[in-house]
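Numbering-wise, UniProt numbering puts 57 at position 57 of the sequence shown, and it's gapless, one number per residue.
Take these hints with a grain of salt, some might be off.
To be verified - Derived CB-CB ranges, DEER-like: (1) 59 - 19: 15 to 23 angstroms; (2) 59 - 20: 27 to 35 angstroms; (3) 58 - 19: 28 to 36 angstroms; (4) 10 - 41: 14 to 22 angstroms; (5) 29 - 49: 24 to 32 angstroms.
Claimed, not checked - Below, computed lysine-lysine pairings styled on DSS-like, alpha-carbon distance capped at 27 angstroms: (6) 9 - 31; (7) 36 - 15; (8) 59 - 15; (9) 31 - 15; (10) 31 - 59; (11) 34 - 11; (12) 34 - 19; (13) 36 - 19; (14) 34 - 59; (15) 34 - 9; (16) 31 - 19; (17) 11 - 36; (18) 36 - 9; (19) 36 - 59; (20) 59 - 11.
Note that these hints are calculated values from the structure, not bench results. Heads up, the beta-carbon is just placed ideally off N, CA and C, and yes, glycines get one too.
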Amino acid sequence: KETLVERSKFKLVVKNLPKIAAESALLRQLKNIKIKAMYISTNSNGNQRGTASVYFASKED
Numbered sequence: 001k002e003t004l005v006e007r008s009k010f011k012l013v014v015k016n017l018p019k020i021a022a023e024s025a026l027l028r029q030l031k032n033i034k035i036k037a038m039y040i041s042t043n044s045n046g047n048q049r050g051t052a053s054v055y056f057a058s059k060e061d
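Put together the whole structure using the sequences plus the hints.
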């Protein structure tokens, strides 16, 4: 089981996303990059914050 520390080693934070950005559209933009996971941040109301966290398996990715 992967720990949060291991996962955050190779993390990229994308900022200034449109508040209506779709996860599928962002994945299409990043399709040439070997991402392991992606998460678009939301606030307590479920509205997007305009940031996304992108996780990679290794530094080379």
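Each hint tested on the structure:
1. 59 - 19: 15 to 23 angstroms: violated (31 angstroms)
2. 59 - 20: 27 to 35 angstroms: Given a distance of about 32 angstroms, which is inside 27 to 35 angstroms, the answer is holds.
3. 58 - 19: 28 to 36 angstroms: 32 angstroms Cβ-Cβ, so the 28 to 36 angstroms window holds.
4. 10 - 41: 14 to 22 angstroms: holds (18 angstroms)
5. 29 - 49: 24 to 32 angstroms: Between residue 29 and residue 49, where Cβ atoms are some 18 angstroms apart, the hint is violated.
6. 9 - 31: Holds, at roughly 21 angstroms.
7. 36 - 15: Distance ~19 angstroms between residue 36 and residue 15 Cα, so the pair holds.
8. 59 - 15: Holds, at roughly 20 angstroms.
9. 31 - 15: holds (18 angstroms)
10. 31 - 59: holds (17 angstroms)
11. 34 - 11: holds (12 angstroms)
12. 34 - 19: Answer holds: residue 34 to residue 19 is near 25 angstroms, not above 27 angstroms.
13. 36 - 19: With a Cα-Cα distance of about 23 angstroms, the restraint between residue 36 and residue 19 holds, given a limit of 27 angstroms.
14. 34 - 59: holds (11 angstroms)
15. 34 - 9: holds (15 angstroms)
16. 31 - 19: Distance ~21 angstroms between residue 31 and residue 19 Cα, so the pair holds.
17. 11 - 36: At roughly 10 angstroms apart (the allowed maximum being 27 angstroms), residue 36 and residue 11 satisfy the hint.
18. 36 - 9: holds (12 angstroms)
19. 36 - 59: holds (12 angstroms)
20. 59 - 11: holds (9 angstroms)
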